[in-house]
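J.: Protein chains in written order, with full-length UniProt numbering: chain A, 1 to 491; chain B, 1 to 186.
Check each hint, because a few of them may be wrong.
[Claimed, not checked] For lysine-lysine, the following BS3-like pairs were computed, each having C-alpha atoms within a straight-line distance of at most 25 Å:
(1) Lys-163/A with Lys-115/B
(2) Lys-117/B with Lys-80/A
(3) Lys-269/A with Lys-329/A
(4) Lys-231/A with Lys-156/B
(5) Lys-121/B with Lys-162/A
(6) Lys-410/A with Lys-398/A
(7) Lys-117/B with Lys-86/A
[Claimed, not checked] Computed beta-carbon distance windows for the label pairs:
(8) Ile-73/B with Leu-44/A: 47 to 53 Å
(9) Val-48/B with Glu-83/A: 36 to 42 Å
(10) Leu-171/B with Val-317/A: 51 to 57 Å
(11) Ile-173/B with Pro-221/A: 32 to 38 Å
Everything labelled a hint here was simulated from the structure, so no lab data went into it.
Here a beta-carbon is modelled for each residue, glycine too, at the ideal position from N, C-alpha and C.
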Amino acid sequence: MSAVISEKKSRNNLVVSYLTVGGIIILAMMVFGVLMLLAQGGSLNLSPAAFYQFLTIHGTGMVGAAALAAAGVMWYFLSKYVELSKKIAQVNLALFLIGVVMVIIGVFSFEYASAWTFLYPLPAISANAWGVTGALLYLFGMLILGIGFLLFYLDTGRAIIKKYGSLAKGLGWDVISGKKAEKDAPSSTIVASTMVTIVNITALTAGAIVLIMNIINVINPAFTFDPLLAKNLTFAFGHIFANSIIYMAVIAVYEILSKYTNRPWKANKPFLIAWTMSTAFTLVIYTHHMLMDSVMPKWMLIMGQVLSYANGLPVLVITAYGALMIVYKSGIKWDMGSGLIFLSMFGWVVGVVPAIVDATIVVNHVMHNTKWVPGHFHMYMALGACAMIFGFMYYLAKEDSNVEEQIFDKIAFLGYTLGILGLSGSFLVSGALSTPRRWATHFPEWMAPANFGAAAGVLTALSLTMFVVHFIRYLSNRNKVEMSPESKKLA
Amino acid sequence: MKQTISGVVLFCILLIPPVRTYMESIMILHMLVQLPLLILAGWLAGKVVIQKFSRFFAKYNENGVPGITLVIIITMYWMLPRAMDEALTFYHVELFKFLGLPFLVGIPLRDSWHKLKAVGKSFVYLNYLPMFGLMAWLYIDTPIQICNNYLEVQQKVLGWGFLIITAFMVLYIIQFVFTDHSEQES
Ligand code: HEM
Ligand SMILES: [Cu+2]
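If we strip away everything but chain B, and leave its shape as in the complex, we get (with noise of 0.2 Å):
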C-alpha cells in the first residue's frame, strides 16, 4: 500500500505545472529525469493493480513476453528525439506520455520482469545497453540541430547522460558476470 500511495504522490508531484515545465525546459531532464520518473510511478503503484487484475496478467501475460514487449516499444518511441518535440507541441502526445509511460510501461515491466527467465532478462538488457549507447553518439555526434525545442548544446549533455548510463550498464554486467552465483538459484 506504502509503495501505491508513493507511486501516486510521485505522479502528481510530476504533473504539478511548474515542476513539468521546469522540467521539459531542460532536454536531460525531461529524457532522462521526468520520463524515468513516470515509469517509476507506475512501477510502485503497479502492485496493487498487479494484485488486483492477477487474473488478467496471468491470462495475458503468462511468461511476460508480451509485457515487456510493450515496454520495450513504447521506450524505444520515446528515445526518438521527435517524440519529446512534439510532446512539447501537441497536447495529446504529451498526454499520452503521462499516461502511457506510468500504465502501458511502469505496471507491466512490474509484471513481466520477474516472470522472464534468465536469458530473456539478459536479452533485454543487453538490447538497451547498445540503445543507450547509439543514442550517447547519435545525440553528441550529430551535426545537426535534431529538435525544434532544444538547442544543439542540449543535445550534447544529453548524449553524454547516455553515456554514463551506457558506462554503468556496462560496469554492472561486468561485475555480475565475474562475481559469483554459485549458492542463488538463477
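Isolated chain A (complex conformation) (with noise of 0.2 Å):
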C-alpha cells in the first residue's frame, strides 16, 4: 500500500514541477508584458531594441510556459487512464528548461528579438540588430524544447493506441459509427488527449522544418528558401500548438467538475463529433493569418475564413454547454478550484467572440496587425486556459495536501478577473482606434489605453502572485502531512 502512496507521490512530484515552472515563468512575463506597456504609454524610457526583446521573450515564454503547464495537467489526468512513462515526462522538463535558458541567452545577451514567430527571413536578415549567434541560440533553443514536447506527444500517442487500439478508436470514431455504445465511448479525457496528441505531432513536424531551415539560412544566407511556403509552416506550428493548450488544459474543466459534482462528464457523440470536428479544423485553419498575402489560393484563405468560425465552436459549445449541465442542481461547493475552473469557461466564450470577427476578412483587412489581435487572444490565453490552468493548481493543492484557501485568495480571484478583462479591454479599444500590434512606439492618441492596461496588467500579477504563492504554500505542507490512501473527498 504505501508503494502505491509513494508512487502516486511521485507521479504526482513531475506535474507539480511542470505547474511550478510553468506558473513562474508566465508571473514573469507578464512583468515583461506590463513594461512593454508602459513603454508603449510613454511612461517608461525603452529602446525600441530592448522592446522587441520583450515582446520576444514574452510571447516565447507564454506560449511554452502555458504549454508546459497545460501539458501537465493533461499528464496528470491522462496516467489515470493509460500507462505513461514517467522518464519521458522528466526528459521534456529537462529539455524544456535547457532550450528556455538557450532561448533566455539569446534574447537577452545576444539581442535576438524576432518576435515568437521567427518569420523567415527575418531571423538571417535582421539589419544588424542581432548576429547570428543569437538567431542560432534562439532557433535550436526552440528545437530542444520541440523535441522535447515531441517525445512527450509520441507517449501519449503510444499509451492510448495501446490501451485502446488506434488513434481512431481514442477519438471514439467507432462509437460515432455506431459500431460501439455510447456508454463503451471513451472518457473525455482520452478524447481530448488524443486530439491534442494528433494536432500536436503535426505542428511539431512542422515546426521542426521551419526551424531547421531558418537556422540553414542563418548559417549560410545563400541557401534561400520559398518564403510563402516558410509562413505556411511556421503558422501551421505556430497557430496549432499556441491553440493546443487551452485543448489540454480543458480536461482540467471536464475531470474537476465532475470530481466536484460527483456526476460523470459523459463523452456522447454529440462530444465526440464535436472533438473530431475541431480536430480536423485546428489542423488547417492557420491561414487566417495568411489573409492578406494575396498570393495564396483563394479557396484556402475562404476555407480558412470559414473553418476559423467553425474551428473552436464546436469543442467550446459543447464543454460551455456541458459545464452550466454538470453544475446545475449539483449542490456543487464553490471554491477557487472550481470557481477558476468555471470562470475559464467564461473567458474561452468572451474570448471567441472578437476572434470570430477577426478571423472575417473584410473585418480583418481593417483590423489585421492592430491590438484587437492580442486584444482577443489575451482574452482567452489568461482568462481561458491560464484560469484553467490556475484552478488545476487550486484543485491539486487541496486533493494533496490540508493547506485552506484564505481571503486573499479570493481577492486574487476578483484581482486577476478584473485585471485580465481590463487588459483585454484596453487592447480592444487601442485595436478600434487603430493602434498596429508590435510597435514599439505610439503616437499620444494611442497612449491612454497602454498605460490602462499596464495598470490592469499590474493587478494581474499581483493576483497571479497570491494563486502561485498558495501553490508554493501547499508544496511546503505537502511533504509533512500523511497521504490518506483514497483520495480526499472534495464535494
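The task is to assemble the complex, starting from two chains supplied on their own in separate frames and drawing on the hints.
T.: Laid out in C-alpha cells, this is it:
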C-alpha cells in the first residue's frame, strides 16, 4: 500500500514541477508585458531594441510556459487511464529548461528579437540588430524545446494506441459510427488527449522543418527558401501549438467539475463529433494568419475564414453547455478550484467573439495587425486557458494536502478577473483606434489605453502572485502530511 | 544464410564499375538508390554478423540506442550535398561510403531497430520525416547549384524524390495510427 502511495506521490511531484515552472515563468513574463505597455504608453523610457526583446521573450515564454503547464494537467489526468512513461515526461521537462535557457541567452545577451514567430527571413536579416549567435541560440533552443514536446506526445500517442487500439478509437470514431455503444465511449480525457496528440505532433513536425530551414539560412544566407511556404509552415506550427494549450487545459474542466459534482462527464456522440471536428479544423485554419497574403490560393483563404468560425465552436459549445448541465442542481461547493474553472469557461466564450470577428476577411483587412488581435487572444489565453491551469493548481493543492484557502485567494480571484478584463479591454480599444500591434512607440492618441492596460496588468500579476504563493504553501505543506490511501473527497 | 548471400551479391553488384559509375552519374540514383541499396546490403548480410558477434552487440548495443545513434549520424552526413560531391572527387570518401553504409548503418540498424521501444521507433521515424521534407524543400527551392558534379535540374529531381518519400511516410503514419492495433502487443 505504501508503495502505491509513494508512486502516486512521485508522479504528483512531476506534475507539480511542470506547474511550478509554468506558473513562475508566466508570472515573470507578465512583468515584461507590463513593461511593454508602460513603454508604449510613454511612461517608461525603453529603447525599441529592448522593447522587441521583451516582446520576443514574452510571446515565447507565455506560449511555452502555458503549454508546459497544460501538458502537466493533461499528463496528470491521462495517466489515470493509460500507462505513461515518467521518464519521458522528465526528459521533456529537462529539455524545456535547456531550451528556455538558450532562448533567454539568445534574447537578452545577444539581442535576438524576431518575436516568437521567427518569420523567415527575419532571423537572418535583422539589419544588424542581432547576429548569428543570437539567432542560432534562439532557433536551436526552440528546436530542443520542440524535441521534448515531441517525445511527450509520442508517448501519449503510444499509450493511447496501446490501450484503445488506435487514435481513431481514442477519438471515439467507433462510437460515432455506431459500432460501439455510447456507454463504452472513451472518457473525455482520452478524447481530448488524442486530439492534442494528433495536432501537436503535426505542428511540431512542421516546426522542426521550418526551424532547421531558418538555421541553414542563418548559417549560410546563400541558401534561400520560398518565403510563402516558410510562412505556411511557421503558422502551421505556431497556431496549432498555441491553440493546443486550451485543449489540454480543458481536461481539467472535465475532470474537476465531475469530481466536484460527483457526476460523470459523459462523452456522448455530440461530444465526440465536436472533438473530431475541432481536430480537423485546428489542423487547417492556420491560413487565417495569411489573409493578407494575396498570392495564397483563394480557396485556402476562404477555407481559413469559414473554418475559423467553426474551429473552436464545437468543443466550446459542447463544453460550456456540459459545464452548465453538470453544475446545474448538483449542490456543488464553490471554492478557488471550481471557481477558476468556471471563470475559464466564461473567458473562453468571451475571448472567442472578437476572434471570430477578426477572422472575417473584410474585418481583417482593417483589424489585421492591430492590437485587436492581442485583445482577443489575451482574453482567451489568460482568462480561458490559464484560468483552467490555475484552477487545476488549487484543485491539486486541495486534493494532495490540507492547505486552507484564505481571503487573499478570493481577492486574487477577483483581481485576476478584473485585471485580465481590463487588459484585454484596453487592447481591444487600442485596436478599435487602429493602433498597430507590435509597435514599440505609440502616438500620443494611442497612449491612454496602453497605460490603462499596464495598470490592469499590474493587478493581474499581483493576483497571480497570490495564486503562486498558495501553490508554494501547498508544496511546503504536502511533504508534512500523511496521505490517506483513498484520495480525499472534495465535495 | 540466404539473406547473407543476397546481401553480399547485392554489394558486389553495386561495386561493378559500370553500375557504380552509372548510378553516380545521376543525382537521384546516387542518393536515393545507391545509398539505400548499400544500407540494404549491410542489413541483409547483417543477420550472420549479428549472430556471430551476439555478445558484442548485447554488450555495446543493449537497448539499441547507441546503434541507432550511429545510424542517424551517418545517414545525416550522407544527406549533406557536399558528401555526395566529395564521394565523386576523393577516393577515400567513396571508400567510406562503400564500407560505412553497409557496416556502420545496415548492420547496426538491423540490430537496433527491434531493440528500440515503441516511443524510440516513432521518435526516429518522426525525425526522418521532417528531415526528408526539409531536404525536398532545400533541393527543389534553392536557387543555386549546390554540388559541383550535378546540375540544378538534377537537384530539383532529387528534391521531388524526397518529397514523394515524405508524402509516403506521412500516409504510412496516418494509416498506422488510425487502424486498429488492439490485439497485438506493442
Ligand atoms: C499581466 C498580463 C499580461 C500583460 C500585461 C501582457 C502584455 C502584452 C503586450 C503589451 C503585448 C504586445 C502587444 C503588442 O503587440 O503591441 C503582448 C503580446 C503577447 N502576449 Fe501578453 N500580456 C499578459 C499576459 C499574457 C498571457 C497570460 C499570455 C499567454 C498565456 C500572453 C501571450 C502573449 C502573446 C502570445 C503575445 C504576442 C507576442 C507577439 O506579438 O509576438 N500574454 N502581451
Ligand atoms: Cu491562429
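J.: Go ahead and decide if the range 51 to 57 Å is satisfied by the Cβ distance of Leu-171/B to Val-317/A.
T.: violated (33 Å)
J.: Do the alpha carbons of Lys-121/B and Lys-162/A lie within 25 Å of each other, as the hint requires?
T.: holds (15 Å)
J.: Quick one, are Lys-410/A and Lys-398/A close enough, alpha carbons at most 25 Å?
T.: holds (15 Å)
J.: Given the range 47 to 53 Å, decide if the beta-carbon distance of Ile-73/B to Leu-44/A lies inside it.
T.: At roughly 49 Å between Cβ atoms, Leu-44/A and Ile-73/B fall inside 47 to 53 Å, so the hint holds.
J.: Lys-231/A and Lys-156/B were given as a pair; does the straight-line alpha-carbon distance stay at or below 25 Å?
T.: Answer holds: Lys-231/A to Lys-156/B is near 21 Å, not above 25 Å.
J.: Is it true that the CA of Lys-163/A sits at most 25 Å from the CA of Lys-115/B?
T.: holds (21 Å)
J.: Check the following: the C-beta atoms of Val-48/B and Glu-83/A are separated by a distance inside 36 to 42 Å.
T.: Given a distance of about 37 Å, which is inside 36 to 42 Å, the answer is holds.
J.: Take a quick look at whether Lys-269/A and Lys-329/A sit within 25 Å of each other, Cα to Cα.
T.: Satisfied, since the Cα-Cα distance of roughly 24 Å is no more than 25 Å.
J.: Holds or violated: Lys-117/B with Lys-80/A, Cα cutoff 25 Å?
T.: holds (22 Å)
J.: Can you confirm whether the C-alpha distance between Lys-117/B and Lys-86/A stays at or below 25 Å?
T.: holds (15 Å)
J.: Using the C-beta atoms of Ile-173/B and Pro-221/A, is the stated range 32 to 38 Å upheld?
T.: holds (34 Å)
The earlier numbered hint that this structure contradicts is number 10, and it is the only one.
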